[in-house]
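Protein chains: 2
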Amino acid sequence: MKFSVKRSELVNKLNIVSRAISGKVMIPILTGIKISVTDSDLTLIGSNSEISIKTVLSNTPEKQENLVIAEKGEIVANANFFTNIIKRLSGDRVDITTEGSQIKIVAGKSEFMVSGQSADNYPQLPRIDDLDSISLSSKQLIDIIGETIRSVSIQDSRPLLTGIHFIIDNEQLKAVSTDSHRLSQRITQISSANSADVVVPGRTLTELRALLEGIDQLNLQFDQSQLLVDLGQTTFYSRLLEGQYPDTDRLIPSESTTGFVIDAAQLASSLDRVSLVAHQSGNLVAKFTIKQGKLTISTAQSEVGKVSEELSIDHFIGQDLEISFNPDFVRDALSSIAEEQLNFSFTTNLRPFVIRPASFSDNNKVQLITPVRTF
Amino acid sequence: MKFSVKRSELVNKLNIVSRAISGKVMIPILTGIKISVTDSDLTLIGSNSEISIKTVLSNTPEKQENLVIAEKGEIVANANFFTNIIKRLSGDRVDITTEGSQIKIVAGKSEFMVSGQSADNYPQLPRIDDLDSISLSSKQLIDIIGETIRSVSIQDSRPLLTGIHFIIDNEQLKAVSTDSHRLSQRITQISSANSADVVVPGRTLTELRALLEGIDQLNLQFDQSQLLVDLGQTTFYSRLLEGQYPDTDRLIPSESTTGFVIDAAQLASSLDRVSLVAHQSGNLVAKFTIKQGKLTISTAQSEVGKVSEELSIDHFIGQDLEISFNPDFVRDALSSIAEEQLNFSFTTNLRPFVIRPASFSDNNKVQLITPVRTF
Numbered sequence: 017m018k019f020s021v022k023r024s025e026l027v028n029k030l031n032i033v034s035r036a037i038s039g040k041v042m043i044p045i046l047t048g049i050k051i052s053v054t055d056s057d058l059t060l061i062g063s064n065s066e067i068s069i070k071t072v073l074s075n076t077p078e079k080q081e082n083l084v085i086a087e088k089g090e091i092v093a094n095a096n097f098f099t100n101i102i103k104r105l106s107g108d109r110v111d112i113t114t115e116g117s118q119i120k121i122v123a124g125k126s127e128f129m130v131s132g133q134s135a136d137n138y139p140q141l142p143r144i145d146d147l148d149s150i151s152l153s154s155k156q157l158i159d160i161i162g163e164t165i166r167s168v169s170i171q172d173s174r175p176l177l178t179g180i181h182f183i184i185d186n187e188q189l190k191a192v193s194t195d196s197h198r199l200s201q202r203i204t205q206i207s208s209a210n211s212a213d214v215v216v217p218g219r220t221l222t223e224l225r226a227l228l229e230g231i232d233q234l235n236l237q238f239d240q241s242q243l244l245v246d247l248g249q250t251t252f253y254s255r256l257l258e259g260q261y262p263d264t265d266r267l268i269p270s271e272s273t274t275g276f277v278i279d280a281a282q283l284a285s286s287l288d289r290v291s292l293v294a295h296q297s298g299n300l301v302a303k304f305t306i307k308q309g310k311l312t313i314s315t316a317q318s319e320v321g322k323v324s325e326e327l328s329i330d331h332f333i334g335q336d337l338e339i340s341f342n343p344d345f346v347r348d349a350l351s352s353i354a355e356e357q358l359n360f361s362f363t364t365n366l367r368p369f370v371i372r373p374a375s376f377s378d379n380n381k382v383q384l385i386t387p388v389r390t391f
Numbered sequence: 017m018k019f020s021v022k023r024s025e026l027v028n029k030l031n032i033v034s035r036a037i038s039g040k041v042m043i044p045i046l047t048g049i050k051i052s053v054t055d056s057d058l059t060l061i062g063s064n065s066e067i068s069i070k071t072v073l074s075n076t077p078e079k080q081e082n083l084v085i086a087e088k089g090e091i092v093a094n095a096n097f098f099t100n101i102i103k104r105l106s107g108d109r110v111d112i113t114t115e116g117s118q119i120k121i122v123a124g125k126s127e128f129m130v131s132g133q134s135a136d137n138y139p140q141l142p143r144i145d146d147l148d149s150i151s152l153s154s155k156q157l158i159d160i161i162g163e164t165i166r167s168v169s170i171q172d173s174r175p176l177l178t179g180i181h182f183i184i185d186n187e188q189l190k191a192v193s194t195d196s197h198r199l200s201q202r203i204t205q206i207s208s209a210n211s212a213d214v215v216v217p218g219r220t221l222t223e224l225r226a227l228l229e230g231i232d233q234l235n236l237q238f239d240q241s242q243l244l245v246d247l248g249q250t251t252f253y254s255r256l257l258e259g260q261y262p263d264t265d266r267l268i269p270s271e272s273t274t275g276f277v278i279d280a281a282q283l284a285s286s287l288d289r290v291s292l293v294a295h296q297s298g299n300l301v302a303k304f305t306i307k308q309g310k311l312t313i314s315t316a317q318s319e320v321g322k323v324s325e326e327l328s329i330d331h332f333i334g335q336d337l338e339i340s341f342n343p344d345f346v347r348d349a350l351s352s353i354a355e356e357q358l359n360f361s362f363t364t365n366l367r368p369f370v371i372r373p374a375s376f377s378d379n380n381k382v383q384l385i386t387p388v389r390t391f
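These protein sequences, in sequence, are chains V and C. Per the numbering used here, residue 17 is the first one in the first sequence, and the count goes up by one each step. Per the numbering used here, residue 17 is the first one in the second sequence, and the count goes up by one each step.
Worth flagging that the hints you see were computed from the coordinates, not collected in a lab. Keep in mind that the hints are not guaranteed to be accurate.
Intra- or inter-copy, both count: the list cannot distinguish identical chains.
Straight-line distance between alpha carbons at most 25 Å, and here's what the computed SDA-like set of lysine to any residue pairs gives [what the hints assert, rightly or not]: (1) 103 with 299; (2) 70 with 151; (3) 125 with 351; (4) 322 with 281.
Since the model is a prediction, treat every value here as computed from it, not as a measurement.
Based on the provided sequences and hints, a complete structural model is requested.
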């Protein structure tokens, strides 16, 4: 293998595949990046066995200076070490040659010779049966992930809840996550007539989101156990979580007895202060008191202290209410929805309450939070 | 105690005293900040028993809006918790009142009531006998610390080496540090006729440096066991390290048999690459090869690989040489000196070599590095 490449292009590609690489893999060769060169392409692959990322740099006539291939071949290079070397080299170009299992890296007056591993032992990429694909804009997927990722469970006791449930049907994509204390739902209109029902690991979507910058349109393909995302030069693979995700539609209340509209920035600032007292005590509870159309947020923690703030609300309807909740969950919901005006609706202080954008009355953007029982 | 204060002023003052506060103190009350109010001043004190910082906000007629005192008193507030509350409040002003051992904090529509502790139990600040003081510009002290702090030992086996040795005499301040593998020395001309010979803990100087921004001139005072730095509104106290610092003058070679001048940026960039291979192997060794007026830097590590780079040098004098060293020490020395052109001078490959600014031939700015024996 022997090629010369524009260093900035190689650094970009290494940054992409490095997102799949974890220090904590059971298969030693997966600490490496597979580098393959054909007559026309340089392909890099990184994987942690759950997520795999492949990216291709082509030897196109328009941009011949990007990649000049002298000899085909493949090798596996230590991911961090190789990437750090390429990043710290001086000069625009780097020449890479294999000599047996050694990799020679030359740029400017620097010459490295580092150990590689045979690419024969590198696992194959997953195969996805050629199903119909679902086309989506990158912006749509960024919004979907942003609005649902925070409610993904971080506990392994119910593995399915560590993922986001995607239900694609009737030109609609519904994404739902819940850690059983709160729930996020986002419904997006899409133009695909295909359907699917899968659970994608939350970590997968966090890594995928990081690859979407500069991408316009993408294609999703699913089979029973794998997701493939086609981003053009880059292809992203992830295993899916298997099993039956709980029915969440029945959890979203269809009625409310108390409601108001509130400025999100005002509430976020209050929550940040109230959280200080809750976190200082280790007891993550705050309380909304709604009385005669006025809203107070407060917490009182013996030993530590107490805080109380009055908030301005609009469009108050319904009955007085006292309800306790985890302030971090409401703070997260505000970050997830990212709208200036929010509608809160409550039934009783034992039932989940719902946060929606003030301009939405449907269930397209929902953050649902279960209250904390304090008695 | 009852006062009203401009919030941004209080945040500034809290940031200053917080630098002395550590989560790992043996004396529980030192996790707090002592707040004292007299008829004319608000004083804050933070301490970790090694370092103490006192800062004063005065009720001056010109800036009356900064501080309005209604009632004298003092209390100790939990440092992190109180500081975070003040930082996250909305509005320009904050009103602080004590009610027994409780502290009431009111700003805008927020009202906090948090637990404090009696100031009676807070330790007294160290007393420094009224010795002659040494005046220094803030810039001089920043340079002295920056050029010597990296050679301070981080190991407790020889406690004196965890400090910087200050020798003040004859209108000269000599600062020296060594971890026994390398040595940094900086001599500064000062206008004080007083003399002193003390060892200041490295951590003290790191914290002190952080307080020097915006300060023009400062005064140092020492007694046998304490340092006091007068920064105007802020006073910084530190204990000194006791004992006889080793004689370091005899360690700096007065002759050399090989020498050259090199561009610091070029060498730093090469060292960063060579260090990658050394760090990957865990064996922190690199080698200068000086042959017929040419300099090569290299390292070869079995298992990991090797790297070699040719460097441009000027003003070469003397004999060929091969010398092995810890590349991190040379990299640190480059950061410490922070000059564009450096002079390296060597005797044999067993004796320490010296790095100075190319424009200096005296010992006012010295970085000395002991070679690594590789045979």
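**Request:** Check each numbered hint from earlier against the structure, then list the numbers of those it violates in ascending order.
**Result:** No numbers; nothing is violated.
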